[in-house]
Amino acid sequence: MRFSSYFLPTAVAAFYLFLYVPIFVLVVFSFNDNAFTYRWLGFTTDWYTDLFASKEVWHALKNSLLIACATVFLSLTLGSTLIFFGSRAAVQRILLLFYGSLAMPEIVLAVGLLSLFSFFSVSLGATTLIVGHTLLGLGYVIPILHGRFVELDVNLIEASYDLGATKRQTFFYVVLPLLAPALIAAGLLVFIISLDDFIISFFCAGASVQTLPLYIFSVIRTGASPMINALSTVMLVVSSLFVLMFSFIQVKKIRIQK
Amino acid sequence: MNVKQRIRDFISENASFVFTVPAVLWQVLFLYIPFLLVVYTSLQHCMECSFFDITFSHYYELFDRAYVYIICRSALVALGVTLSCLALAYPIAYFLALRVKDRWKNILLFLLTLPFWTNFLILIYSWVFVLDHNGLINTILLKTGIISEPLHMINNMAAIFVVMVYYYLPFMMLPLYSILEKIQHEVLEASMDLGATNWQTFRRITIPLSMSGIKTGVFLVFVPAFGEFAIPSIIGGGQQLFVGSLISHYFLVARDNQLGAAFTVISGIVLMTCALLFHWLCKVPVQVAQKEVAS
Numbered sequence: 001m002r003f004s005s006y007f008l009p010t011a012v013a014a015f016y017l018f019l020y021v022p023i024f025v026l027v028v029f030s031f032n033d034n035a036f037t038y039r040w041l042g043f044t045t046d047w048y049t050d051l052f053a054s055k056e057v058w059h060a061l062k063n064s065l066l067i068a069c070a071t072v073f074l075s076l077t078l079g080s081t082l083i084f085f086g087s088r089a090a091v092q093r094i095l096l097l098f099y100g101s102l103a104m105p106e107i108v109l110a111v112g113l114l115s116l117f118s119f120f121s122v123s124l125g126a127t128t129l130i131v132g133h134t135l136l137g138l139g140y141v142i143p144i145l146h147g148r149f150v151e152l153d154v155n156l157i158e159a160s161y162d163l164g165a166t167k168r169q170t171f172f173y174v175v176l177p178l179l180a181p182a183l184i185a186a187g188l189l190v191f192i193i194s195l196d197d198f199i200i201s202f203f204c205a206g207a208s209v210q211t212l213p214l215y216i217f218s219v220i221r222t223g224a225s226p227m228i229n230a231l232s233t234v235m236l237v238v239s240s241l242f243v244l245m246f247s248f249i250q251v252k253k254i255r256i257q258k
Numbered sequence: 001m002n003v004k005q006r007i008r009d010f011i012s013e014n015a016s017f018v019f020t021v022p023a024v025l026w027q028v029l030f031l032y033i034p035f036l037l038v039v040y041t042s043l044q045h046c047m048e049c050s051f052f053d054i055t056f057s058h059y060y061e062l063f064d065r066a067y068v069y070i071i072c073r074s075a076l077v078a079l080g081v082t083l084s085c086l087a088l089a090y091p092i093a094y095f096l097a098l099r100v101k102d103r104w105k106n107i108l109l110f111l112l113t114l115p116f117w118t119n120f121l122i123l124i125y126s127w128v129f130v131l132d133h134n135g136l137i138n139t140i141l142l143k144t145g146i147i148s149e150p151l152h153m154i155n156n157m158a159a160i161f162v163v164m165v166y167y168y169l170p171f172m173m174l175p176l177y178s179i180l181e182k183i184q185h186e187v188l189e190a191s192m193d194l195g196a197t198n199w200q201t202f203r204r205i206t207i208p209l210s211m212s213g214i215k216t217g218v219f220l221v222f223v224p225a226f227g228e229f230a231i232p233s234i235i236g237g238g239q240q241l242f243v244g245s246l247i248s249h250y251f252l253v254a255r256d257n258q259l260g261a262a263f264t265v266i267s268g269i270v271l272m273t274c275a276l277l278f279h280w281l282c283k284v285p286v287q288v289a290q291k292e293v294a295s
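Each protein sequence line maps, in turn, to chains U and R. The first sequence: position 127 = 127 (our numbering), numbered continuously. The second sequence: position 147 = 147 (our numbering), numbered continuously.
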């Protein structure tokens, strides 16, 4: 017992230090009054002013949000209708089909999509990005929703039919509300995946659309400014709010179950 | 009966078919057909050649140019990253899942998932501030007088390796944690009651029970690490070629789709071989444990 009572807590502390020191440094340097090197010169909030005044950032953010929303909508719609309306045996059989996008590195998917689009001379843009992100999204949505749907009490659905509801009514008034926690979780996950996606965006965006990750990458590559640190800090705050929200939903769910 | 009504009837009569098709079609059209297209492109003689002008020359070219070396190196680095992540993550996940009180657990889990939800370019970029000439480590070492000249720590393989481990750790942690959390204390206590030592309990009970988590974690780390593209290009300064960087070079810079496709196919085959090998390897420890228990 002595081994684990000293070794493990120390290891955990070191682990969290390793995880958070770089992030901490990044945040600190967003307040650094020095545009060129990584030396500390003084405190300033200028980079935040620059950030909120930057048209490019807002434009990229708008694109990213639009694409993420469309992706969430499409993958949830495709996923939930497939899960409910498809016959159980068939869904069970085709489930493996949707793991394909997880079994290959994203860059292979991106190359494939790029080949497809150039083969049919589809011009790259927001639509092609939504297509690619939805492909990624389905790989997560369908297993999550399916897992939850199988756990549902079949009697509830059958009761709905017995009481005269049509398939459509059952879907909207019984199944969707029952699946709500899974839908929210999957939706949030896909939203973040789309918002965060870099590789597929890098290949399938073309020159016309700039998303937030693409913008960040181009700035980092061409000599970064502390504005990127400011942007990162803002994004960190937003994503921690997201995680809090997410864990709040989970905690609530667990409480309800108890 | 108008057209609208007819369509509506058709949908309600064949609902299970109508609503299965779109998702499946999406997957086939945008995932499986592109795969075939990449394979076809890799065999195509040139961009403007006729459809049936097929050749293996791109593959020969890749073997000639010893790009096999880059694939092997990517696979080795990915393997190293995966094993390091496993070695680092397992004790932490074990501790979190089985030894921490609930109140602390939530906070620690929150801190663990936060990087997971953070934009990964930002996470990678933060390491520039740690490893750079004027970065955190050099500043501390210079101030404390341990070194007199700044160390050169960025733009090399070691930096890429560390950042990859850093980035992929949560991908290993979360599946491990969620499987370890399901292990019931009673099982471990029973093992101890029956006279097993800590180590025996760990090796014969905990590890076999968490095997599926290990598998998921290894898979989640190895596959993307093998195709890594952003980390070498930000931390490595684009000097260290990886499978991902080479693929993107062919498709986006050199515009040599045929060669790029051939390279992608070869890498894909290597990756699948690795995955199958790993799948087979995973069965061994469980079987060994079962045999030991039986004997």
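Some clues are possibly wrong.
Claimed, not checked - Once the Cα atoms are required to be at most 20 Å apart in a straight line, the calculated EDC-like pairs of lysine to aspartate or glutamate come out as:
id: 1; chain 1: R; residue 1: K143; chain 2: R; residue 2: D132
id: 2; chain 1: U; residue 1: K167; chain 2: R; residue 2: D9
id: 3; chain 1: R; residue 1: K182; chain 2: U; residue 2: E151
These aren't lab readings, by the way, just hints derived from the structure by calculation. Nothing here was measured: the structure is a model prediction, and the numbers come from that model.
Now the hints, each set against the structure:
1. R:K143 x R:D132: This hinted pair holds, its Cα atoms lying about 15 Å apart.
2. U:K167 x R:D9: 13 Å, holds
3. R:K182 x U:E151: Cα-Cα ~18 Å, so holds.
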